[in-house]
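Novice: Line by line, the protein sequences give chains A, B, C and D.
For the first sequence, numbering that gives the first Met the number 0 assigns the number 387 to the last residue and increments by one with no breaks.
For the second sequence, numbering that gives the first Met the number 0 assigns the number 387 to the last residue and increments by one with no breaks.
For the third sequence, numbering that gives the first Met the number 0 assigns the number 387 to the last residue and increments by one with no breaks.
For the fourth sequence, numbering that gives the first Met the number 0 assigns the number 387 to the last residue and increments by one with no breaks.
FYI, nobody ran anything at the bench for these hints, they're computed from the structure.
Some hints could be false.
Calculated cross-link-like contacts (lysine-lysine; reagent style DSSO-like; alpha-carbon spacing at most 30 Å) [said to hold, decoys possible]:
no., chain 1, residue 1, chain 2, residue 2
1, C, K332, B, K182
2, C, K131, A, K273
3, A, K220, B, K375
4, D, K182, A, K182
5, C, K97, C, K332
6, C, K273, D, K182
7, C, K332, C, K375
8, B, K332, A, K273
From chain B, some residues computed to sit far from chain C (all C-beta separations above 12 Å) [unchecked claim]:
no., residue
9, G158
10, N246
11, N284
These numbers were taken from a predicted model, which means no experiment stands behind them.
C-beta: ideal position from N, C-alpha, C; glycine also.
Number of protein chains: 4
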Amino acid sequence: MNNTKQRIRIGMVGGGQGAFIGNVHRIAMRISDRYSLEAACFSSDPQRAAASAQELGVPAERGYPDYQTMARIEAARQDGIRAVVIVTPNHLHFPIAKCFLEYGIHVICDKPLTMTGAETAELIALSQRMDKHLFVTYNYTGYPMIREARERVRRGDLGEIRIIQVEYSQDWLATALEQSGQKQASWRTDPKQAGAAGCLGDIGVHAFNLAHFVSGMTPTKIAADLHSFVPGRVLDDHAQVLMRYANGARGTLLSSQVAVGKENHLRLQIFGDKGALDWCQEHPNQLSFSTLDGATQILSRARHQISQASRDVSLIPAGHPEGYLEAFSVLYKEFAHILAMPFGAYAEGNSATAHSAMPAYSDLCFIEACIASSTKDTVWTELKANLP
Amino acid sequence: MNNTKQRIRIGMVGGGQGAFIGNVHRIAMRISDRYSLEAACFSSDPQRAAASAQELGVPAERGYPDYQTMARIEAARQDGIRAVVIVTPNHLHFPIAKCFLEYGIHVICDKPLTMTGAETAELIALSQRMDKHLFVTYNYTGYPMIREARERVRRGDLGEIRIIQVEYSQDWLATALEQSGQKQASWRTDPKQAGAAGCLGDIGVHAFNLAHFVSGMTPTKIAADLHSFVPGRVLDDHAQVLMRYANGARGTLLSSQVAVGKENHLRLQIFGDKGALDWCQEHPNQLSFSTLDGATQILSRARHQISQASRDVSLIPAGHPEGYLEAFSVLYKEFAHILAMPFGAYAEGNSATAHSAMPAYSDLCFIEACIASSTKDTVWTELKANLP
Amino acid sequence: MNNTKQRIRIGMVGGGQGAFIGNVHRIAMRISDRYSLEAACFSSDPQRAAASAQELGVPAERGYPDYQTMARIEAARQDGIRAVVIVTPNHLHFPIAKCFLEYGIHVICDKPLTMTGAETAELIALSQRMDKHLFVTYNYTGYPMIREARERVRRGDLGEIRIIQVEYSQDWLATALEQSGQKQASWRTDPKQAGAAGCLGDIGVHAFNLAHFVSGMTPTKIAADLHSFVPGRVLDDHAQVLMRYANGARGTLLSSQVAVGKENHLRLQIFGDKGALDWCQEHPNQLSFSTLDGATQILSRARHQISQASRDVSLIPAGHPEGYLEAFSVLYKEFAHILAMPFGAYAEGNSATAHSAMPAYSDLCFIEACIASSTKDTVWTELKANLP
Amino acid sequence: MNNTKQRIRIGMVGGGQGAFIGNVHRIAMRISDRYSLEAACFSSDPQRAAASAQELGVPAERGYPDYQTMARIEAARQDGIRAVVIVTPNHLHFPIAKCFLEYGIHVICDKPLTMTGAETAELIALSQRMDKHLFVTYNYTGYPMIREARERVRRGDLGEIRIIQVEYSQDWLATALEQSGQKQASWRTDPKQAGAAGCLGDIGVHAFNLAHFVSGMTPTKIAADLHSFVPGRVLDDHAQVLMRYANGARGTLLSSQVAVGKENHLRLQIFGDKGALDWCQEHPNQLSFSTLDGATQILSRARHQISQASRDVSLIPAGHPEGYLEAFSVLYKEFAHILAMPFGAYAEGNSATAHSAMPAYSDLCFIEACIASSTKDTVWTELKANLP
């Protein structure tokens, strides 16, 4: 709220007036109280960029008309930004991230990081060469009860994991909204801007990432049936995926943007041979926990029997609901914590996978495998496990 | 409760002391108030059969030691049974049903009707030749809110159906219970008594049947991944199935008996291009209904905006919960209604598919297709649509 | 379902065609499988009485035109009824019960037992003099999870009880339904047939009884505000009552028949200094249980950690919902159990208070105290504790 | 996040390290993005005050050791604060608010505004004399679905209101936590710091205020039973209140801090003669809405059929949960909006009652009436309606 406290100077590309996710990132940063937004290229349209800068309190001279200029000038300033947040449509993530990394500026990027696994691999290599961080905002991993879920898997409360069911369903694309010119719908259904996957790339990867984050497991192969229900739509708006894991576990991933009645129904269920978990983003402060011979428990954020790992990311006491923005801010708080250390000093701990770009690579491999499987009539397809 | 009212004389095979489902059938018949249990062969063990007969009020001379004798003598009696209820382990359904039909006695059989599609086809042909009914107790179809769901699909409230998600999960076989000698677990996990499918045959077919009953749609092909988690178990205890329908709709069927925390979690969601439904057996008196642009409604049994088709099968007014036994009794009431007509006179109406054996044939074809698909690495496999 | 098994010969007064609660009693008896309905006086209108008898399978000669004749003749028959079920409007309960008791026939009566505490006291004295039972069907006490709740209070899981909150709300009388001639509404809003209380007598006493049944505690004084919202209605359709208990505990009882959106919202919460319970009739198979330092548990009927007292009254295994009729049948099963013993031999055990008429006396005292308090501007009013 | 945008210079009294509510106010202000925290007196302990100032980014010279000095110096500075946030224990609200108002600084105060109605009346008069605002943070009024509820009452969707049931229950004081030295518990149970009411003043007034905010109605008289369960505790930890309204409506207010299992269970139900509402703070993004003849609807924040009044205070699209902090920030955004106008120019509109101090006066009158009633054995007691 003021500048006397040391905050990280940060810039933003994308996210101007009328954008949804750019505003979310800004609120999340403010909640974390660790950033100062100093520069931006809010839009590819110079007038909108300037208007947004003024509205959002970025000085005119640091409201840049293009990201290349921004990166160059900011890198040269004594008081230049240390990190940049990228919140453009998907297809621009790669060139922008590449540009800022090359100028030695840390990158915080909305998911999916790039359009292909190869691009992601290239960015990861670049970030390591430059000793600069490359963070991807898998925001659902910031929910305290997701941290609780993860902790319970880690410490063995569920035993050996047998089944993972994850779903992310919405209904806002149940009609051909993109044909009405609605901006969010237009780019998300356009292969040139969104990439090779529609629903799967937009929300399915969040589900995939969350299942991995909590379980610590990545499927070794998948069998996918992607489908597009709305006439005229090129990319998938519904995806059904079977998954198999190295230890024999089975899984399903459902992702739909035509599921009437669903808002942001992200739900994760994990069943082990001793216990099971159930969490749903629409009521994120609760986590249902079952065991073989006990009554199902409704665990509540920051309350009885909640682990330190979960408490650490709670902002307020139990009983008062936290939401989406709070979870988002957790990531920003953790980014700030890592940025305060020398590069490489961050030991992989509880929240590590949220903050490296490896899950982003895994995501892209998942998307590519799903498309390959679906194209070949749902044949089981292996997931690449390692960077090339 | 007494005999002055005209009731249908009925017999039972299986379901003696200690059996679960036999008792359920008897209570359901009593609720319907249309049957009088006159004869039985409660067990293959003559002593247990006799003891059960005495306990359950069947005269000693009509408590038979074997079903063949029972069928022969009852068929010959002036006051012999008109119908028999078969509640034995699965492998005995076929010979018993065949025997009673051949003696001209109507058959009411627990699901699955037989061990193979071929057997079911044979029984159907026999029943038609004999002008005798062959009913299968798909009990979940008797819930009033399932009738409401069906009615709403029928009258177009959901529009064109796009997605069907159905799940039936339990956890009682999460450990090797069958190795402890528990009777219910033993026969259900033994291929000789249960058939080629475990979990899928025991509960998965209920899910399959319910999705069909409500949607009126049968998938044209499926891709299945069956798995057995518990060491030493031969039959599947977890099944994940992708489904495709003729109109392009997609579906998933999940069925598990190792899903810790699940009791009898039978849930059906159907999404159309205009509306969507969500129903769960654990709270059967509610039905969630969503439309493209309205708030989700919680419909309640026998209350506002509930169709006549649903009201017809409600026993008591709104607000007082009905349960599993009431739903079961609905089938028995409907069987009695049909049995009161000349054979063939029953016009296929609202509840028709619950009462012909065709869904049972479809079930067996589904099981066989799932096993075939799973054996061939989840390849898409066509479902037989018609009797041979 | 048939007569070879020994069943209790029973009669019914009231409950003919179109009646709600009579049918409920009959189904409950059939589920229990312990009764044979042999005689009845279904209606004060002889034609309706005869038609009902025929429809319900009561022989014409035992379908009586008036209850006095019925009592006299049945008492004289060798095979006469041993017990009678009274399901008439409230104002007739007393003379009918009195008549049958005097003829030496056990009485099972719907609640409220009579119109005044004095009448109830008289019936209780009469029943004891005659060595005949006088049962009142507080049906909600038959729910297995209510038995679980009671057991947990008894064994001290909640510690010292501090707070009791009980509510029974409906909305079916939110408009002047009685003015449309609807029969159920008409007698319930008519002081001559319903008694001095409307909503409070119809459903509030169920709440009062349930709180007592589970907690084992009766308030020593109450302060009530009764109100009638619907113009032209004489009796209360909304009641708010504060309660104080001997141990210092506080309580509230809310009862309304104008609470739009409520069907049969009977909910009981009990808070002790160690634990707390929450149960709602609309989802009767679950019971929420909390402790001072643990996560809230969702206990499920017949499942893990459920007491024997609760299991004893479960009809079917966990996961399959039981409902209102099953709970009702539990009472009939227990009545039959008691009727099988010599009078007085029944030791007061787990379900005792459900089966003596003492709670009925307590109910009437509660109603009378509420009316007295409400009339005197909500003054604290003592409850009579003992029979005169 | 930075200073180029025009923000309101604000100060804070109380809320230093370890305080709960001070941090909440700061986060809420950051979310609103309209304030810059420039000065503070974080603690009465000068060392803690200084340490807090440093930690929270307030310049050392504006981290004051006492509030009088702060008010005097800030009032004199060219760049002094325009408003102050008071987040101390209750008994200090009055002198601090008085001091700042006298120096011409707007006041934003946590509830309850003062210890007595007389003090509140005095502050209100002072604020009007000084042309300075006096805001009280009834934070629950900021929830978008509370705004929706209010809008629906206003536009007549519920018809004439008949019943208001409001409850705020917690369990954190179920044991004698104050005897352990826990700071939050200590001052809240101490009459000198908390005032004459315990639970009622701490959370009961939130319930009272919320019921008023949504319904637009204030009871004309109340009858209260306050009680203290925990041995040694002087102030009430449990309150049960009956309410009567001018139009004949009835209400209940329950407030408890010993209700085991309750976290922050603030629930409001309003029943009219046409419709009814049900909202619970633990799932604040939903609002249940019922009508006389329709199915209950689950309204969802920012989604279908949500009014503009509610959308105006939503931060993010539907489906992503907002929580307590977002609701809090809504108030700060509205305070900023009003502070941007000339004093007196703010027309009483949709959210008006949240922002004047009149509800705070009403609250104090309610507390005083409850104590008076409870002392006189729950006698009906009138609420003062107007400022003296």
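Novice: None of the hints should be skipped; say for each whether it holds.
Specialist: Verification of the supplied hints:
no.: 1; hint: K332(C) to K182(B); result: 28 Å, holds
no.: 2; hint: K131(C) to K273(A); result: 54 Å, violated
no.: 3; hint: K220(A) to K375(B); result: 16 Å, holds
no.: 4; hint: K182(D) to K182(A); result: 51 Å, violated
no.: 5; hint: K97(C) to K332(C); result: 24 Å, holds
no.: 6; hint: K273(C) to K182(D); result: 23 Å, holds
no.: 7; hint: K332(C) to K375(C); result: 43 Å, violated
no.: 8; hint: K332(B) to K273(A); result: 42 Å, violated
no.: 9; hint: G158; result: 28 Å, holds
no.: 10; hint: N246; result: 33 Å, holds
no.: 11; hint: N284; result: 8 Å, violated
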